[in-house]
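*Asks:* Chain residues, written in single-letter form:
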Amino acid sequence: MELFWKAAGGVLLAVVLGLTLGKQEKDLEVLLTMAVCCMVTMIAIYYLEPVLEFMWELEELGDLQGDLLGILMKAVGIGLVAELAGMICNDAGNSSLGKVIQMLGSSVILFLCVPIFSQLLNLIREILGEL
Amino acid sequence: MTMDIDLIFKIAAIGIIVSILTQVLSRSGRDEQATMTSLAGLVVVLMMLAQKIADLFDLVKTLFEF
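Just so you know, the protein sequences line up as chains A and B, in that order.
All you need for the numbering used here is the position in the first sequence, starting with 1, plus 3.
Going by the numbering used here, 24 is the number at position 40 of the second sequence; the sequence numbering is gapless.
The hints are all genuine.
The calculated lysine-lysine pairs, modelled on DSS-like cross-linking and capped at a C-alpha distance of 27 Å, are:
{"hint": "1", "chain 1": "A", "residue 1": "K77", "chain 2": "A", "residue 2": "K102"}
{"hint": "2", "chain 1": "A", "residue 1": "K26", "chain 2": "B", "residue 2": "K(-6)"}
{"hint": "3", "chain 1": "B", "residue 1": "K45", "chain 2": "A", "residue 2": "K9"}
{"hint": "4", "chain 1": "A", "residue 1": "K9", "chain 2": "A", "residue 2": "K29"}
{"hint": "5", "chain 1": "B", "residue 1": "K(-6)", "chain 2": "A", "residue 2": "K9"}
{"hint": "6", "chain 1": "B", "residue 1": "K(-6)", "chain 2": "A", "residue 2": "K29"}
Far from chain A by the CB rule (all over 12 Å, computed), these chain B residues:
{"hint": "7", "residue": "G13"}
{"hint": "8", "residue": "R14"}
{"hint": "9", "residue": "E16"}
{"hint": "10", "residue": "M20"}
Don't read these hints as lab results, they were simulated from the structure.
The model shown is predicted, which means the values in this text are computed figures rather than measured ones.
Glycine residues also receive a C-beta, built at the ideal position from the N, C-alpha and C atoms.
Start from the sequences and build out the full structure, keeping to the hints where you can.
*Replies:* What follows is the structure, given as structure tokens:
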């Protein structure tokens, strides 16, 4: 839990320093924001690691077929990175780039989900065929 | 896993130094050099940040099993 307090302090510090920098060097303020976002996201992922391991255990316990959880994990990772990049772009005042990277993230997640949709479609076909 | 507070201070310090240098150079009529100083500061911070971004992407790739 020590890391959480350090991260919260670091973020508050970065906000104040960013306000000071933003008056003269707007571009460096964006880089400062980016650095702090990277660090805090890494800490968040560090805390998420046991949760994800638990989910893998649950997958083994539930004996899920295929790579369903793997696809879900990849979707979460892509969503996390795309959302972070989008928010930084929005903060930098370039909301079109932010929207584009979020759209790219959504597209890649949809692309990853195609095998799941195919499986679902096959299942529906099987059920309808049996009727 | 540690919170690298030093990096925040480094970026802020570079920003303040670059800001002061830019002001001094532009007031003394050397606008081109002021722009180059500002650009140099940006590149230095970007080089420091590139490693962090690469670390983040590697961590996400490892944890979410890409």
